[in-house]
Amino acid sequence: MRQVFVPVLAIVLFLLFWEGLVWVNDWPNYKMASPSDLWPAFWRFKWLFLTFGWETLWRTVVGLLIAIVVGVLLGMVMGFSRVLREGLYPLLVGFNAIPKATVVPIVALMFVGQHDLNTVLIAFMISFFPIAVSVSIGLSTLEPEYRDILRALGASQMTIFWKIALPKTLPEFFGALKVAVTLAFIGTNLMEIVSPHGRGLGALFDSGKTNSDYPLMFAVLISLAMLGIALYYVVVVLERIFAGWAERQTD
Amino acid sequence: MTPALHKDLIRIDGVSHTFTTESGSLPVLDNLTLGVPENGFTAIVGPSGCGKSTVTRLVAGLLKPDAGSVWLQGQEVTSPRSVVGMAFQNPVLLEWRSILKNVMLPLEIVSSSLSSAAREARARDLLKLVGLAGFEDKRPSELSGGMRQRASLCRALVHQPEVLILDEPFGALDAFTREDLWQTMHRLREEEPFTGVLITHDLREAIFLADEVIVLSGRPATVQYTKALPQRGPRSLDQLYTPEATETLNILREQIKIAREGEEPGS
Ligand SMILES: Nc1ncnc2c1ncn2[C@@H]1O[C@H](COP(=O)(O)OP(=O)(O)OP(=O)(O)O)[C@@H](O)[C@H]1O
Ligand SMILES: [Mg+2]
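Here the protein sequences line up with chains A and B, keeping their order.
Quick note on my numbering: the first sequence kicks off at 46 and runs consecutively.
Quick note on my numbering: the second sequence kicks off at 13 and runs consecutively.
Don't read these hints as lab results, they were simulated from the structure.
C-beta: ideal position from N, C-alpha, C; glycine also.
Just so you know, not all the hints are guaranteed correct.
[Said to hold, decoys possible] No farther apart than 30 Å at their CA atoms in a straight line, the calculated lysine-lysine pairs in the DSBU-like style are these:
no.: 1; chain 1: A; residue 1: K208; chain 2: B; residue 2: K239
no.: 2; chain 1: A; residue 1: K213; chain 2: B; residue 2: K113
no.: 3; chain 1: A; residue 1: K208; chain 2: B; residue 2: K269
no.: 4; chain 1: B; residue 1: K19; chain 2: A; residue 2: K213
[Stated by the list, open to error] From the derived model, a few chain B residues whose C-beta atoms are all more than 12 Å from chain A:
no.: 5; residue: K19
no.: 6; residue: R93
no.: 7; residue: L126
no.: 8; residue: E132
no.: 9; residue: R151
no.: 10; residue: A168
no.: 11; residue: A240
no.: 12; residue: L264
[Said to hold, decoys possible] Label-pair distances were calculated between CB atoms; the ranges are:
no.: 13; chain 1: A; residue 1: V281; chain 2: B; residue 2: K269; range: 56 to 62 Å
no.: 14; chain 1: A; residue 1: V281; chain 2: B; residue 2: E154; range: 30 to 36 Å
no.: 15; chain 1: B; residue 1: A130; chain 2: A; residue 2: L133; range: 44 to 50 Å
no.: 16; chain 1: A; residue 1: P144; chain 2: B; residue 2: A129; range: 49 to 55 Å
no.: 17; chain 1: A; residue 1: V281; chain 2: B; residue 2: E202; range: 47 to 53 Å
no.: 18; chain 1: A; residue 1: L211; chain 2: B; residue 2: F31; range: 25 to 31 Å
no.: 19; chain 1: B; residue 1: S28; chain 2: A; residue 2: P144; range: 32 to 38 Å
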């Protein structure tokens, strides 16, 4: 009960504060739209919001899923082999250090016209790094005794991975996944905004900008925030289910 | 080689081992020979870092010696075998499993003819034996350090190993808990026959639990001194404070001192 009530109250207070701030300062729409201006914008474009919201959502999720698969595989490779870790790490760090805003136009040109592919690709590229790093750290810092209790019984490397290394890494993995969700979301929107004739909430934002429809731009921001919150909490629920044991100690 | 040595359930035969590290090679064991008879219990003491844990890893088959050989039940050890149970100073319980499921872990690896109900019953019996009845469904983090170590002992014994290897299992516990666990060890030994190797830094613990105490020399380690203890099986804590016990302790302490003085410089 409290878990629902407190966040809802916080949101309501925030909206009231926002409305009040705009009202007191008498800001025009182009400076800052107020929550009461947003409803008409939402309502006018409700179908666009639904279809474009869906576009943004599925691309983000697909990009994220690819990031999970690639990130976990890379993490496993780096976690189990020291040589590969030493070799791959600088490459990954360098790749991650490139601001993705500069990669977006390059990718957009590389696969010109393939809007879905571009967007998913950026969402993936921006979000796999924390996953790979967390999995590799989780695996490489596994205390040798944990391996030894199973190895001494003649267990295979695969058994040790499934029974010990993987579950032990799950809390770190979910921590990284929470970061990755937000990053993937940023990636999707960057591409949607930049691509000509794009779709998705990012494109809607862009069209709000070209038409100087400020309430629409703010409405897009709000719906992005809501999608982001929803995705984040999906991860939180998954974390509770699969790595809930890690929470207990802090209670 | 004495004929008696052949009957030993655990036998380490002229084992030498050298680790290669970034700063060069580190000879750890030098022509080490020792044996533990069936159902015997040998304590190994020695200076810190002399290679005691390395000995346990060799016996468990987790490590291959550079020279010499290790034998269990008359078979040369070339890879890990499920006849071994191990417990360390760190209880290494898996936080995402209940205590019962932690104890049952080896049964998921070692093939056994037991039904799943029989396995669970076996784990519960062991937990009861070490005084953990009622804690089966708790998570490791909900237990005290001593209780976790008890659970770790149960896990080491659940698949009825012939050989139990204990590497400083009580080293991190307070004195009272430790004495409690010593009694538990004697109880376990009566109920569950095994051949044991105990690594410890506590000489009292060594003479309270073992039939024989082996003092290793400083690195590279070899057997420096062997002390057979007169008594097998359960003993009371009072026996640690008899003149005989004190004398044994003094001898062992003296030997450790010699071992430390003989260590190679720079270690
Ligand atoms: N895998 C390894 N690679 C390189 N050096 C190692 C390895 N394992 C152990 N050593 C070194 O070998 C020496 C003996 O280690 P070992 O763990 O057997 O000592 P120990 O007698 O158990 O010490 P302690 O009393 O502190 O537990 C130490 O100097 C240690 O640093
Ligand atoms: Mg050790």
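Checked hints:
{"no.": "1", "hint": "A:K208 - B:K239", "in the structure": "41 Å, violated"}
{"no.": "2", "hint": "A:K213 - B:K113", "in the structure": "15 Å, holds"}
{"no.": "3", "hint": "A:K208 - B:K269", "in the structure": "43 Å, violated"}
{"no.": "4", "hint": "B:K19 - A:K213", "in the structure": "42 Å, violated"}
{"no.": "5", "hint": "K19", "in the structure": "24 Å, holds"}
{"no.": "6", "hint": "R93", "in the structure": "6 Å, violated"}
{"no.": "7", "hint": "L126", "in the structure": "15 Å, holds"}
{"no.": "8", "hint": "E132", "in the structure": "18 Å, holds"}
{"no.": "9", "hint": "R151", "in the structure": "6 Å, violated"}
{"no.": "10", "hint": "A168", "in the structure": "8 Å, violated"}
{"no.": "11", "hint": "A240", "in the structure": "28 Å, holds"}
{"no.": "12", "hint": "L264", "in the structure": "27 Å, holds"}
{"no.": "13", "hint": "A:V281 - B:K269: 56 to 62 Å", "in the structure": "58 Å, holds"}
{"no.": "14", "hint": "A:V281 - B:E154: 30 to 36 Å", "in the structure": "24 Å, violated"}
{"no.": "15", "hint": "B:A130 - A:L133: 44 to 50 Å", "in the structure": "47 Å, holds"}
{"no.": "16", "hint": "A:P144 - B:A129: 49 to 55 Å", "in the structure": "60 Å, violated"}
{"no.": "17", "hint": "A:V281 - B:E202: 47 to 53 Å", "in the structure": "50 Å, holds"}
{"no.": "18", "hint": "A:L211 - B:F31: 25 to 31 Å", "in the structure": "29 Å, holds"}
{"no.": "19", "hint": "B:S28 - A:P144: 32 to 38 Å", "in the structure": "56 Å, violated"}
Hint compliance for this structure: hints 1, 3, 4, 6, 9, 10, 14, 16, 19 are broken, all remaining hints hold.
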